[in-house]
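Based on these hints, arrange chain C on the given structure of chain V.
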Amino acid sequence: MKLKQISIFLENKEGRLKKAINILSQSHINIRALSIADTSEFGILRLIVHDSEKAQKKLEEKKFVVKVNEVIAVEVPDQPGGLDSILEILYDSKINVEYLYAFVEKNEDKAIVVIKTENIDDGINALENKNIRLMSSEDVNLI
Amino acid sequence: MIWNQEAECMPLKEKEELQLNLLKKVVERAYENVPYYKNLFDNLKLKPDDIKSLKDIEKLPFTTKSDLRDAYPFGMFAVPEEEIIEVHTSSGTTGKPTVSGYTLKDLKIWGEVMGRALTMAGAGKKDKIQNCYGYGLFTGGLGVHYGTQAIGATVIPISAGNTQRQIEIMEDFKTSIITCTPSYALYLAEVLEKNGVDIKNLNLKAGVFGAEMWTEEMRKTIEKRLNISALNIYGLTEIIGPGVAQECEEKNGLHIFEDHFYPEIIDPNTKETLGEGERGELVLTTLTRDGMPILRFRTKDITSLRKEKCGCGRTIVRMERITGRTDDMLKIRGVIVFPSQIERALLKIEGLEPQYQIIVTRPGHLDELEVQVEASSNLFSDEVKHVEEVKKKIESRIHNEIGLRVNVTLVEPESLPRSEGKAIRVLDKRDFS
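First to last, the protein sequences are chains V and C. For the first sequence, position 5 matches number 38 in the working numbering, and the numbering has no gaps at all. For the second sequence, position 352 matches number 353 in the working numbering, and the numbering has no gaps at all.
Derived from the structure by calculation, the hints contain no laboratory data. Every residue gets a Cβ at the ideal spot worked out from N, C-alpha and C, and that includes glycine. A couple of the hints might just be wrong.
[Claimed, not checked] Computed spacing ranges between beta-carbons, pair by pair: (1) V:71 - C:174: 47 to 53 Å; (2) C:431 - V:45: 20 to 26 Å; (3) V:45 - C:86: 19 to 25 Å; (4) C:153 - V:72: 56 to 62 Å; (5) V:143 - C:431: 54 to 60 Å; (6) C:321 - V:72: 40 to 46 Å; (7) V:163 - C:400: 16 to 22 Å; (8) C:431 - V:72: 24 to 30 Å; (9) V:87 - C:192: 21 to 27 Å.
The shape of chain V in the complex, shown without the other chains (with noise of 0.2 Å):
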């Protein structure tokens, strides 16, 4: 149940950012979530997209670096406590969570939540044995 997710490092350049957003927009690339972790240096972006394959090569054709990793898809409700109790799950089950980011679903009432766990079938299996629903790429593609 995991899901792919592209990573884009950017240096701390005039228009880097831009650049790469572009290139998958004239690619027909849709973008469903976004995160960008900067730091004084460098900035990494982070995209789930309809298709990583396509975008990752895309982007090296442009001389970008780009990584694709697995993370953790979970749909919460869209209201207070969604998160919180997601996160409950995790931190009792001692699962370091490295950086997670949301978006909200268009038609539902839900926001699916992106996590990146230390060890991703570890964060897989503690959520699961609580029945926490993990999406597919193909829940959150049809949604």
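Then chain C, alone, in the frame of chain V:
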């Protein structure tokens, strides 16, 4: 394979007799025909007769690049201009370039020493040599060209640039030997890999790389990525061009063709002549050139000499790989640093593309060293902490090598300049005025 058995395997005594003979002749030639040398000798009350032994060479003054610049363009010629049938220049990046002039006989000598060099790298009649050194005033292109013709191999005079075409030719013509700068060899490897070419399908067996400094680690990288034997060639425009010395398959020093070029090592500060095995500045004297004899030229290259016979059978003296120049040397916060040390550190890190640039600044009162390194997917991660770990690892390796803390900046792939000639690795932005 040895091109000139007699010259390259000469017994010591015979060699020294020959050298002394030639030295006496060239000193006389310089004195009689080059006003610069005549004046110099007269001022120092020296005469060609004063050379009675090889050690007497130490009586002679040095010639520096600056002296050659002052003689621009043709002040160092020992023959009437019409007897000079070819000229080359060094890459005058600071001030006027220096000119090298060749008579017909000099060109034959150049072909001979280059023939020896290429043979040492395994070249023979059946080989196709793809020459990516620049053709023109630069001595690289024509040097290899003449050497190839001397041994009867086939030269592909493609010169530098147009990498896609280089690769096409390499595949179609079945190039067996490639000659270019080591940084260009690395770039070729990059492009071949990107194009998905199976290196084992190429006919390449060896490369003769020079015109810039490179490390043992760089050699291993090139050998692995191009599946060839990567050998070092040394030379300089002022002396003849490439062909002063060449590395053999033992890969344990470069053989100097000392029946044509007489080497010495001096302490660059005291100018005292140093002994075998001691590291210092290489000084060269041309023994056989007619057009432009040069006495005791200070090359500014740092190396040491070894006289014992090599495993390849040659008796001619070996110089170690050049790892620094007296003027390449950076002084950062009082510590001497050579760019090759940084290259060495980078190449020890797995997965790192050795594409880098060193930037020296002095933002406040202290020198700062920034090393820009190109990011690659091997080193990248979705997590900031991993990327920072990589950065710290590189910084730590460099620190181990040079004893100084540096700041490493990861930059995007192919954002650092690639060169077909000498790679510019250091940008010194300090204002020393």
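**Q.** Structure-inconsistent hints, enumerated in ascending order
**A.** Violated: hints 3 and 7.
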